[in-house]
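Chains as they are written, first to last, in the UniProt record's numbering: chain A, 1 to 448; chain B, 1 to 430.
Just so you know, these hints were derived from the structure itself, not from any lab. Note that the Cβ used here is the ideal one computed from N, Cα and C, for glycine as well.
Facing chain A, a subset of chain B residues (Cβ under 7 angstroms, in silico):
hint, residue
1, ALA31
2, PRO99
3, GLU101
4, HIS102
5, ASP112
6, GLU136
7, ALA219
8, ILE220
9, LEU359
10, TRP365
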Amino acid sequence: MTLIATRPGPGAARPYRFPQVVRRAVAGGQVVAAHLPGQNLAVALLLLDAGAGREPVGKEGLGGVLAKALEEGTAQRDGTAYALAIEALGTELVTGLDWDSFQVSVQVPVDRLNAAVELLAEAVRTPRLDPADVLRVRDDEATALRMDWANPGPRADAVLRADLFGADNRWGRPMYGDPDSVATLEVDDVTVFHSEWFIRPGTLIVAGDLDRLDLDALAAAAFAGTGGGPVEKGGPIEVPLSGRRKVILVDRPGSVQSTLRLGHPAPHRAHPDHVPMSLAGTVLGGAFTSRLNHLIREVHGYTYGIRGDFASSRRFGRFAVSSGVQTAVTAPALVESVGEVSRTRLTGVTEEELDVARSWRAGQLSVELQSPRAIAAALTTLVVHDLPDDYHARLRESLLAATVEEVSAAAAAHLHPDSLTLVVEGDSAVIRDELVAAGLGEVVDHTP
Amino acid sequence: MPDSGYPWPIETTRLDNGLRVVVSEDRTAPAVAVNLWYDVGSRHEPEGQTGFAHLFEHLMFEGSVNVAKTEHMKLIQGSGGSLNATTNPDRTNYFETVPAEHLELALWLEADRMGGLVPALTQETLDNQRDVVKNERRQRYENVPYGDAWLRLLPLLYPPGHPYHHATIGSMADLNAADLATFQAFHTTYYAPNNAVLTVVGDTTAAEVFGLADKYFGAIPPRAEIPAAPDGRTVPATGRPAVETVTTDVPAPRVYVAHRTHPYGTTGYDVTTVLATVLGTGRGSRLYQRLADGERIAQPDLVGAYGVDLAYAPAPLIATATARPGVDAERLRAGLAEVIDELATVPVTAAELDRAKALLSTQWWRHMSTVDGRADVLGRYATQFGDPAKIAERLPAWLAVTAEQIAEQAAELLGAADRVTLTYQPEEKA
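The whole structure should be built from the sequences, with the hints applied where relevant.
Laid out in structure tokens, this is it:
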């Protein structure tokens, strides 16, 4: 044999350094920037406290409609002229929304960032919001959601969320809304939401070569004409566990796969167990080599992939497992998945597994944080969760220092197999009897 | 206009066994990207063996002589790395990005599966990964609305026997018929050092990589005869449009229009790239302006056009639109066709051209902003054009495209007689 049999060990470690962070208060707003010397591309991202958590109950999807409406023309030019102006710089306006924030960003060669931020601010601060345009955008968004909801997944996600958090609460409803909630939005909903949340300065995130950028000028453009201060964000929400496992069946006749969404409530982002808990999630379901993927994909061949993780926002969190499995093996796949969650809770993680999980998570910081877009996202995390400049360096250390005992204790404290809600979106007529026979819990049919 | 789309160093060598090695040093971050392009894709598959190249890609993660089953993933993730592999009609690529101190581990793993896969390949592994691939087919193509569009477009664009006639995912029947000996032979035939390019980008030096490449790959024997894929460069014109309509469970009518253009890497395909951006990228594009905004017959999020970057035959240009409620497929199809037809008759303005070039420039630099992005493109240029340094020419070539060239190409290649039209029609609900 011509190959070298001995696996080589690592060379000398070259520690990762997060780029230098610059924070500045300018023109009534905050600037948080990362210096990327020599980088030709730059990203600017305006972060507003206007996430889905700010939408009133019954108005889900408001932020998404407003995001699209921003581009339908401004005080200075119509929608077509706006599109041509910003795309001539080489960027589109990219909007994003999560529970905690609304984000709008541009990505351009560094010498065009100023012009791009001016256009970004023009759309965010002075959109035309012509009623006819707003209604058309609303209808388009409702149609887009209907298209999306024709795929497997969104219905199952919504059913799980409602069961975990209660459909009476905003956080018990889909983050982006659903086709019906969007269809009933009114022009006033959109204009009021804009005036309440989009005129406050917010935070400008910049990732690029700061030697070639003028942060004060960027901030002046981003914060021009703004007013109003930060608003109280609200504390963590206590979400009770159900204490009773159940199966909710969402019918999708003729489906060749069953879409699985298993979950229960979990701690919010600032919980002290955040690091060991997320490592427990990594061992269980967060990586290709994790327990769930190994068992359900590699051993049984039931699926193309299965993942499980803890996710958290400022006010709440959840543990969830998601997959798509062949219809014929729906019940065994669920039984095995629940079994693996139970086993991880009871017996914790092994040193060998944890070693992979912590090195992977720590190494990912140097591997993934390369592009200006990725660095901007990392800065966003600092701002949304009030974290210090050296957060990423400290995160690396705490990942590497986590012990088997700490991670196993977090698994025991935060995994609750007996409180899991198991949502199955698939062909009811084919799988229902087997799900009942599997004895995982009461089987309930979802009624839309 | 930049002189170069690649302002980083490139160094190359070729080992005695034919393995080409490309290195591009960049000390910005303590990470290295390792990338292998094997010059084998679904274009090499004979009839009855569709899907083999892709299934084989799965088998490459299931162990080799010195690497136990599933250990490959565990070692890369355990070193903090990211990894994956993809198969397309042209080629199969394998890649990992790791913290720089684990470069040697990544090279050892890649060498072991290049030189030592066959003895470790078992029937059990084959059966298991065949199931995984069938699940992939269900998840990506069968269980989602419009998911099989690509599977339907290819045979409309390329005749039977053409290397791009069938899709890379292959057919379930062919996969079921596959036996272990066929896969062992597949590896022996194509996974040879003289059929591959190894690219490393990031926190290392060319000297270090060349030394390690020789240490780990140097003794793997070359393969004398590597069969070429069928030649697909000429696709005879049929002289009439290809039309297919599918009535199925979809939420709205959708139309795809496709044309054969030029192979990736040619001046003609540079024109296609800019043309596709003028036609279908962004709110300022012709399709958006005309169908989503102007006539308002298309859903704004689902209108667009793009070229598929295939290098060994005239590559497809695809334009697509999905109907707004109340708009029927026929009207949408007519609207889409009209906008494409006008590329030949209504000259592209300077503003349209500048917009497209600005968007393409950002897209290029975004791709170049990570070591893994750079490694994959260098591997492509070394494999397909024999010289990784040609990577620097692409962006300037896009920026040199003129409005006249776009009009000429539209007149020459985008006519109704060469058009493929695939329409999805929602089922009538009882």
